[in-house]
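J.: Sequence:
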Amino acid sequence: MNDKFNILVVEDDISAAKVISFELKAKGYQCRCFEQAEEALRYFREGPVDLALVDYTLPGMSGEEFFIKIRELNPLLPVIFITALQSVDKAVQLLKMGAYTYLTKPLKMEELLHNIKNALEKVTLVKENQILQEKLRETFSFKNYVFNSESMQKTLHRVMRVADSDSNILITGESGTGKDVIANIIHYCSRRKAHTLVKVNLAALPATLIEAELFGAVKGAYTGAVANRPGKFEEADKGTLFLDEIGELSPDIQVKLLRAVQDREITRLGSNQPHKVDIRLITATNHDLLQLVNEKKFREDLFYRLNVIDIHLPPLRERKEDIPLLVDLFIKKFNQREGKQITTLSKDALNALMKYSFPGNIRELENIIERALVLAQGKVLCTDDLPVFVLNPGRGSPSADFFDAHSPLSLPDRLTAIEKDILEKTLEKHHYHQSKAARELGISEARLRYKMRILNIPRRSATAP
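Under my numbering, the first residue of the sequence shown carries the number 62, and numbering increases by one thereafter.
Hint data in this document are derived by calculation from the structure and do not stem from the laboratory.
Treat the numbers as computed from the prediction; the structure is a model and nothing was measured.
Glycine included, each C-beta is placed from N, C-alpha and C at the ideal position.
Any given hint could be a false lead.
[Said to hold, decoys possible] Using 20 Å as the maximum straight-line C-alpha spacing, the simulated EDC-like pairs for lysine to aspartate or glutamate come out as follows:
| # | residue 1 | residue 2 |
| --- | --- | --- |
| 1 | K337 | E326 |
| 2 | K157 | E125 |
| 3 | K299 | D227 |
| 4 | K169 | D227 |
| 5 | K79 | E96 |
[As the list claims (entries may be wrong)] Simulated restraints on C-beta separations:
| # | residue 1 | residue 2 | range |
| --- | --- | --- | --- |
| 6 | S505 | K337 | 29 to 37 Å |
| 7 | D371 | R325 | 19 to 27 Å |
| 8 | Q402 | N289 | 32 to 40 Å |
| 9 | I479 | R290 | 25 to 33 Å |
| 10 | D241 | L270 | 20 to 28 Å |
| 11 | P120 | L174 | 24 to 32 Å |
| 12 | N368 | R508 | 26 to 34 Å |
Just need the whole structure built from these sequences, with the hints factored in.
T.: Structure, rendered in structure tokens:
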């Protein structure tokens with residue numbers, strides 16, 4: 062709405078000021094008019110102004126002097142000059158000083174209103190971008206990555222020290238430990254924070270599409286490539302590229318990634334024309350890459366290129382002193398989403414969580430608190446709100462309860478347990494070769510990996526049958 066915008070008019074021609082004021086108010090703008098710059102400056106210091114319309118020739122303080130003073134107070138304020146002078150040199154000078162534009166008398170009201178509209182849209186966009194950046198900084202600040210453990214204090218101290226570097230970073234840790242969040246923190250604490258953070262989960266991509274996704278493709282490079290398209294490396298130019306699940310790359314893509322990492326240069330699929338890219342590369346994995354190197358499943362030269370700086374995230378079971386803080390964080394998060402007023406967790410419920418091993422780490426804790434908060438009827442989360450596998454961590458597989466009519470497991474819990482049991486046994490049968498397990502289950506590898514993630518099935522390196 063235009064009535065949110067307050068326009069300051071500084072014009073010593075009273076009749077001209079009245080016409081301008083009438084037209085602006087007719088368009089819904091708020092407007093204050095002054096004949097002298099000194100009066101306008103006092104008003105400017107006291108009240109909010111979104112745009113200034115200033116006559117270049119004023120009695121006392123000139124329009125140019127007024128412009129310099131208000132720019133010192135608010136460098137982002139758009140200022141439009143109006144004058145009877147036709148000097149091109151003066152117009153160029155004012156534009157170089159930061160004026161939005163320069164209009165000559167007699168004013169064409171349609172032109173004036175058009176310029177005002179464009180100037181306010183531009184300044185609004187700048188302000189919204191600043192607000193967004195502040196929200197991003199707040200969201201991805203250390204304040205929102207809660208911890209109390211000494212291990213995480215050391216880890217976050219290391220993150221702080223390397224965030225503003227352009228060196229490649231490899232983040233390691235089990236699934237659900239927060240590698241994605243650490244990548245966010247690194248980017249938004251770096252000099253590249255004003256540019257894009259591009260994330261790619263390599264495990265979620267079909268092997269046949271990874272090359273085109275990373276490096277782009279030209280028209281006709283493959284069936285369905287109807288136009289040139291940039292890859293993630295190009296999208297992340299001047300910013301940060303985060304490649305999650307880097308251990309999933311096939312050997313042929315590893316070769317091409319090595320070249321891109323070494324030279325910061327990519328070639329689109331189907332093209333011979335290289336493109337330079339300026340990126341900060343962060344990779345992550347829950348695999349032991351060094352073990353994969355020893356097994357000849359991951360290139361040694363690529364490993365050392367990626368592992369310039371390593372950041373390891375300890376599993377939640379090794380930093381249980383962080384659990385109460387994380388619980389409070391997740392309660393606040395889901396209270397806001399669900400419109401509830403849960404205050405805390407009961408002592409017995411917290412004790413149960415402290416005894417649980419959390420194979421799915423922070424992600425699993427978040428899911429547990431979300432489930433408990435949705436089911437809770439009081440203002441305190443109690444043991445009745447927690448899943449049975451948390452309350453009975455030593456019981457092993459819940460298979461015995463699958464078909465028991467008196468089982469404490471709810472139907473959704475039983476179905477989840479059945480699915481998890483089938484996947485675990487199939488993976489074990491095939492010595493954790495995911496392609497073979499997926500084939501027997503009749504699903505894609507990407508689907509299998511997704512199921513393993515949401516069911517908190519730890520990944521293991523495949524072994525020989």
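J.: Determine for every hint whether it applies to the structure shown.
T.: Okay, the hints, checked on the actual structure:
no.	hint	in the structure
1	K337 with E326	holds (4 Å)
2	K157 with E125	holds (12 Å)
3	K299 with D227	holds (11 Å)
4	K169 with D227	violated (52 Å)
5	K79 with E96	holds (11 Å)
6	S505 with K337: 29 to 37 Å	holds (35 Å)
7	D371 with R325: 19 to 27 Å	holds (21 Å)
8	Q402 with N289: 32 to 40 Å	violated (53 Å)
9	I479 with R290: 25 to 33 Å	violated (42 Å)
10	D241 with L270: 20 to 28 Å	holds (21 Å)
11	P120 with L174: 24 to 32 Å	holds (27 Å)
12	N368 with R508: 26 to 34 Å	holds (30 Å)
Hints 4, 8, 9 from the list above are not met by this structure, while the remaining hints are.
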